[in-house]
Amino acid sequence: MSTSVGIHIKGSASIAGKQLFEPLNMHIKAGQWSCLLGPSGVGKSTLLYLLSDLASHVNFDGTIVADDGLPLAGRISYMAQTDLLMPWLSILDNTLIGQRLRGDKPDIDKAEKLLAGLGLSEHSKHHPSQLSGGQRQRVALARTLMEEKEIVLLDEPFSALDARTRADMQELSAQWLEGKTVLHVTHDPAEAARLGEQIFLLSESGLRQMEVPTGAIVRPVDDPDTLACQGQLLKILREVDS
Amino acid sequence: MKYFFRILISALLIILAWQALVTFADLPHFILPSPFKVVDTLWELRELIASHALVTAIEILLGLLIGTVLGGLTAIWLARSKIARYLVKPVLVLTQALPVFALAPLFTLWLGYGMESKILVAVLIIYFPVASAFFDGLMQTPKGWLDLGKVMGAAPRQLQWRIQIPAALPSFASGLRLAAVYAPIGAIIGEWVGASEGLGYLMLLANGRAKIDLMFAALLVLAVMTLLLHYAVGKFCDVLVKKYKQ
Numbered sequence: 060m061s062t063s064v065g066i067h068i069k070g071s072a073s074i075a076g077k078q079l080f081e082p083l084n085m086h087i088k089a090g091q092w093s094c095l096l097g098p099s100g101v102g103k104s105t106l107l108y109l110l111s112d113l114a115s116h117v118n119f120d121g122t123i124v125a126d127d128g129l130p131l132a133g134r135i136s137y138m139a140q141t142d143l144l145m146p147w148l149s150i151l152d153n154t155l156i157g158q159r160l161r162g163d164k165p166d167i168d169k170a171e172k173l174l175a176g177l178g179l180s181e182h183s184k185h186h187p188s189q190l191s192g193g194q195r196q197r198v199a200l201a202r203t204l205m206e207e208k209e210i211v212l213l214d215e216p217f218s219a220l221d222a223r224t225r226a227d228m229q230e231l232s233a234q235w236l237e238g239k240t241v242l243h244v245t246h247d248p249a250e251a252a253r254l255g256e257q258i259f260l261l262s263e264s265g266l267r268q269m270e271v272p273t274g275a276i277v278r279p280v281d282d283p284d285t286l287a288c289q290g291q292l293l294k295i296l297r298e299v300d301s
Numbered sequence: 122m123k124y125f126f127r128i129l130i131s132a133l134l135i136i137l138a139w140q141a142l143v144t145f146a147d148l149p150h151f152i153l154p155s156p157f158k159v160v161d162t163l164w165e166l167r168e169l170i171a172s173h174a175l176v177t178a179i180e181i182l183l184g185l186l187i188g189t190v191l192g193g194l195t196a197i198w199l200a201r202s203k204i205a206r207y208l209v210k211p212v213l214v215l216t217q218a219l220p221v222f223a224l225a226p227l228f229t230l231w232l233g234y235g236m237e238s239k240i241l242v243a244v245l246i247i248y249f250p251v252a253s254a255f256f257d258g259l260m261q262t263p264k265g266w267l268d269l270g271k272v273m274g275a276a277p278r279q280l281q282w283r284i285q286i287p288a289a290l291p292s293f294a295s296g297l298r299l300a301a302v303y304a305p306i307g308a309i310i311g312e313w314v315g316a317s318e319g320l321g322y323l324m325l326l327a328n329g330r331a332k333i334d335l336m337f338a339a340l341l342v343l344a345v346m347t348l349l350l351h352y353a354v355g356k357f358c359d360v361l362v363k364k365y366k367q
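Protein chains in written order, with the numbering used here: chain E, 60 to 301; chain B, 122 to 367.
Everything labelled a hint here was simulated from the structure, so no lab data went into it.
No experiment lies behind these values; they were computed from the predicted model shown.
Do not take every clue at face value.
What the hints assert, rightly or not - Some chain B residues flagged as far from chain E (calculated, every beta-carbon gap over 10 angstroms):
| # | residue |
| --- | --- |
| 1 | ILE135 |
| 2 | LEU169 |
| 3 | LEU215 |
| 4 | LEU269 |
Stated by the list, open to error - To give an idea of the interface, some chain B residues facing chain E are shown, with a C-beta separation under 10 angstroms as derived from the structure:
| # | residue |
| --- | --- |
| 5 | LYS158 |
| 6 | ARG278 |
| 7 | ILE284 |
| 8 | PRO287 |
| 9 | TYR365 |
Virtual Cβ for every residue (Gly too), placed ideally from N, Cα, C.
From just these sequences and the hints, can you work out the full model?
Now the structure itself:
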């Protein structure tokens, strides 16, 4: 297994000459779960694209460096809001897609173990259309875990799920991604309060680091401190939004 | 089964209307023969018609196969290479400005009266819809999948083979459906321009000798062949779309 690594982002981004956010200075701590909150359109997802080198349309003026000084390329895996499963592949083959895309020998044993761990064994031969939204996101998690990368970027992966499935997915993900450096973009203060070991709030005026509730993650949904933090985050989010 | 039943009903209705027209309008048989006369001729000349039908069927199937393969490969090539897109795509569109039918006499001149010139007409007609539909599909791969592939460190060839091409197969299927409609047209046009065999040739021959019943019999066989082709290609396309549609 890989060890985790922190990331330091410093600078500002613009698209076609229009600045997205004020210059920011963000340190994502190694092995921790960092949540990034903020109003829509402020560039939260752009930040993920910048980290994963997908933001060819964005002009970033600054530096993005890993704490160990090595390049980030090849050390990142990514989970999006939609599950991005290929409808023509079985669940097992979807889990193996990363290795196949790189031309590596697929490790079927490992994929089957992961699917079993996530309660998906009986579905491994099924196709995505036969699964529920929550199950599909679990497959996406299996695919992400299969990559064994130190850094995991999450772009609102649970936002399309119903409340109960979302809470389940939060717990499952926190359990399986423990020890990895996670940057989780979310628009849900409750999610940030439950999962964040660091909570950032990005708005047009720049980045703020918020206070984090006490207790280890995943925090219980009814924990008073977590609920208070959630309320506080929502309040600030509404202020910056208006 | 339901599909065949519907066709059967439609066919019966047409035959009824046809017979009614012949009976009530009192048309001479060299203008419009009765359906019974056509069936009679079909049975009587079955060997002759079958031998010509076989030629046309081979032309259609080979034209469809070659046109689809060439169109598909062209689409993949265009999707892969920016230079090819820049240089070749305008030429492709330009060739569509020329009606292929107008070229058919040339092909007969160059390739002779055999099957080759007919297959070439069919290939040229089929090639463009397949290439164009498949290329459009290849260029519209959902961005999320491509991003995922890039983050996973996909090799470009693998990305195309495992994501781009499968994701574009439903578009390919719509091109193929069109191709199945065009293929018989191509073969028949080719035969009309100059041939020594085939249903199109037989129809012209029969027409010239006022054997309208034979002409209709050949037409009937052509219609059945075309319907079967539509059905088979349609089924195949349904499977493709069902499996690969997002």
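Here's how the hints hold up against the structure:
Remark: the non-interface label on B/ILE135 is consistent with the geometry, its nearest Cβ contact in chain E lying 40 angstroms away (cut-off 10 angstroms). A cut-off of 10 angstroms between C-beta atoms confirms that B/LEU169 is not in contact with chain E; the least separation is 47 angstroms. The claim that B/LEU215 is not at the interface with chain E holds, since no C-beta of that chain comes within 10 angstroms of its own (minimum 32 angstroms). With a closest Cβ-Cβ approach of about 5 angstroms to chain E, B/LEU269 is found to fall inside the 10 angstroms limit, against its non-interface label.
The beta carbon of B/LYS158 comes no nearer than 52 angstroms to any beta carbon in chain E, farther than 10 angstroms, and the hint placing it at the interface is violated. Interface restraint check for B/ARG278: the shortest CB-CB distance to chain E comes to about 8 angstroms, inside 10 angstroms, so the restraint holds. Contact between B/ILE284 and chain E, as hinted, is supported at the beta carbon level, the nearest pair being about 7 angstroms apart and thus within 10 angstroms. Against a cut-off of 10 angstroms between C-beta atoms, the interface hint on B/PRO287 holds, since the closest Cβ of chain E lies about 5 angstroms away.
Taken as an interface hint, B/TYR365 checks out: its beta carbon lies about 5 angstroms from the nearest beta carbon of chain E, inside 10 angstroms.
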